[in-house]
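**Student:** Chain by chain, the residues run as shown.
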Amino acid sequence: MTELMPAEGVFSLIWLLIALPLAGAIVLLFGGRRTNSWGPYLGVLTVSASAVLGVLMLLGLLDRPAEERTVEQTLFTWVFVGDFQADMAFQLDQLSMVFVLLITIVGALIHVYSLGYMAHDPDRRKFFGYLNLFVAAMLLLVLANNYLLVYVGWEGVGLASFLLIGFWQAKPSAAAAAKKAFIINRVGDVGLSLAIMLMFVTFGSVSFDDVFRSTSEASEGTLTAIGLLLLLAAAGKSAQFPLQAWLLDAMEGPTPVSALIHAATMVTAGVYLIVRSNAIYNAAVWAATAVVIVGLITIFMGAIIGSAKDDIKKSLAGSTMSQIGYMIFAAGLGPIGYVFAIFHLLTHGVFKAGLFLGAGSVMHGMNDNVNMRRYGALKGLMVITFITFMAGYLAIIGIPPFSGFWSKDEIIHAAFERNAFIGIATILAAGITGFYMTRMIAMTFFGKPRWEEGVHPHESPAVMTIPLIILALGSTFMGMALLFWGNIESWLEPVTGFASEPTPLPTMFYIGVTLVVVIIGAVIGWITYGVKPVPIDPPHGSWLTRAARKDLYGDAVNDVLVVQPSLATARYLSWFDDKGIDGFVNGIARWVGLLANTLRRTQSGLVRSYALSMVGGVFVVVLALLLVRMN
Amino acid sequence: MNPSNYILLSAVLFSIGAIGVLVRRNAIIVFMSVELMLNAANLSFVTFARMNGNLDGQVVAFFVMVVAAAEVVIGLAIIVTIFRTRRSASIDEPSLLKY
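Line by line, the protein sequences are chains E and R.
Last residue of the first sequence? That's 630 in numbering that gives the first Met the number 0, and every number before it is there in order.
Last residue of the second sequence? That's 98 in numbering that gives the first Met the number 0, and every number before it is there in order.
Calculated from the structure, these hints are not laboratory results.
Incorrect hints may appear among the rest.
[To be verified] Here are a few chain E residues that face chain R, going by a calculated C-beta distance under 8 Å:
#	residue
1	V200
2	R599
3	R600
4	Q602
5	S603
6	G604
7	L605
8	V606
9	R607
10	A610
11	V614
No residue lacks a Cβ here, since even glycine has one placed at the ideal position from N, Cα and C.
Based on the sequences and whatever the hints tell you, model everything.
**Tutor:** Here's what the structure looks like:
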């Protein structure tokens, strides 16, 4: 464990990284209509300022020796009850640093892109406010030095995600998708909150430093429980099996949101959580195995769904699920995988953001139509979008020297270090990736035009294409830069640990096999969708295609297992409330009413009958007195 | 003189008054019956005061008379008002204050 260094110099401004976008969000969301004209530019400015600050901090960290790169800044004691203490404190280390750079730089590019994409939306001020709020919450999540503060950021990004998925809430499908994402995320959040409670009970603290220092004191059973609960949290946030159903619907949000939150940053928070908690998973083998299994299942689910969807954004969302599956899978492999999980996360964050923004640019030119069956032959009309999309395409399927090749290849290699079976599975999934991405570009950019009437495809304005170009450059060179120049393994090693195990065959063999499988997948995709004409009406398809179009029955399973039982319980409780509790109360009221109706007849209004009752009363009293006297 | 005769007379007068209140309809007669009951009570007070040789009962009798006089003033005024509006002194007819 490395020493915690006090925050000095540029690091005394760690809080400002979060405060800038937070201030932007507050000004934009509470400033009202006055900020309409300059608000979006302020939103871009705050995130860009954070990005500049992040780069300065990276330079500051590079100046220091590796063991002094963990900086801690405590602002104040946040919660202090009995033995429990949680500080408002930030920890900037090599892991947080790469996340800060990913969030702020990709975030700033997407903010700039949104200036063009949302130019005609009447609520764009609110949009930029929510985006700023998201960036602030996400930075809090990765900079926190204890799990409770992570939880605050975790909920913050969940809230921002909910608000942005439902940004066009007038559309019922968007409102439903937002609610769905929020509710499924709550299931994962229960896992995180239970894990935090268990950590406090076991270790007496929730700060990273204390927990990781004392993992050896806890029993393996406890650590496994914490690990599985953290996995539940990660599955919710990162759309992993079995909580994957929300991500595809989340594509109802504006495309920049899909790029920033549902591809590049928020959905990778689960990977961050697992890699951050590496001390726990290293000591809990079964929890780590569960992580591998969840990752592996999701790699295939996402890839199969991505292969069948005709909606370009949903196809990309399936691909995101699959790629995050790779990261979770790598994180479950232990010290041989943590570094590559983060490496793939960074390269994926850049090339998937580029792909989503490219898809947004295509939609922008096609009157917001998302159906790839109505695209085709766009390569000549959207040259910049096409070229940048191709860079992302080559990166995601893993063609050297594009960035995805380096990171995915390292994960596949790490899988073979552990077990040949899971290694073969990851190669197979890489082949499916080649298939569905080729299908996507073939349907979108090649073939014959299948446009709807009245659509005139055109290239997007420069404010949208410049971020695309920057992200495309990142997709091309970032993998090499991080691996050879940035030396990502030794950079992350102090935080995550790093180990390498020998594989039975030379590394070049695995690279070769992976490339051959990917190219086979791509060629099948090209023959099916590039050479043959694409029908406008989707063909019936095999049973697998039909299942994948329905998200592999994820919604149906949730419906049977959760929704219908809850509805039945709710209906029963409502009936019990109506008939049982209300019936009892109303019954008493009815009896009192009946009695009162009978008794009020005695109020006849006749003075003499009142007098008679008085006389009768007096007689009774006198008789009683006499009886008492006699005894 | 036997005090029980006075008590008996008082009881008889009270009973006549009580029955009068219960059975008669004319408000004036009912009113007179009430006065009879009050005076029956007065007679008992005075009798017991004589028997026990202190003045408390006599004093109470005076108070009862004063209250009765005041009550007569208000009661008669009410009866006259009711008679003016309804052309009747029956106490059964103004039975509007009921369920």
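**Student:** Give a verdict on every hint.
**Tutor:** Right, here's what the structure says about each hint:
At its closest, the beta carbon of V200 (chain E) sits 67 Å from a beta carbon of chain R; the interface hint therefore is violated under the 8 Å criterion. Taken as an interface hint, R599 (chain E) checks out: its beta carbon lies about 4 Å from the nearest beta carbon of chain R, inside 8 Å. At a threshold of 8 Å, the smallest CB-CB gap from R600 (chain E) to chain R is about 6 Å, leaving the interface hint in force. For the restraint placing Q602 (chain E) at the interface with chain R, the shortest Cβ-Cβ distance is roughly 5 Å, inside the 8 Å limit, so the hint holds.
A least Cβ separation of about 5 Å between S603 (chain E) and chain R falls short of the 8 Å threshold, and the interface hint therefore holds. With its C-beta approaching chain R no nearer than about 3 Å, G604 (chain E) sits inside the 8 Å limit, and its interface hint holds. Annotation: interface hint on L605 (chain E) holds; nearest CB of chain R at approximately 5 Å, less than 8 Å. Taking 8 Å as the C-beta contact cut-off toward chain R, the hint placing V606 (chain E) at the interface holds, the least distance being around 5 Å.
At its closest, the beta carbon of R607 (chain E) sits 6 Å from a beta carbon of chain R; the interface hint therefore holds under the 8 Å criterion. For A610 (chain E), the interface hint holds, the least distance from its beta-carbon to any beta-carbon of chain R being 5 Å, beneath 8 Å. Given hint, V614 (chain E) at the interface with chain R, holds; its Cβ is 6 Å from that chain's nearest Cβ, closer than 8 Å.
When the structure is compared with the earlier hints, a violation turns up for hint 1 alone.
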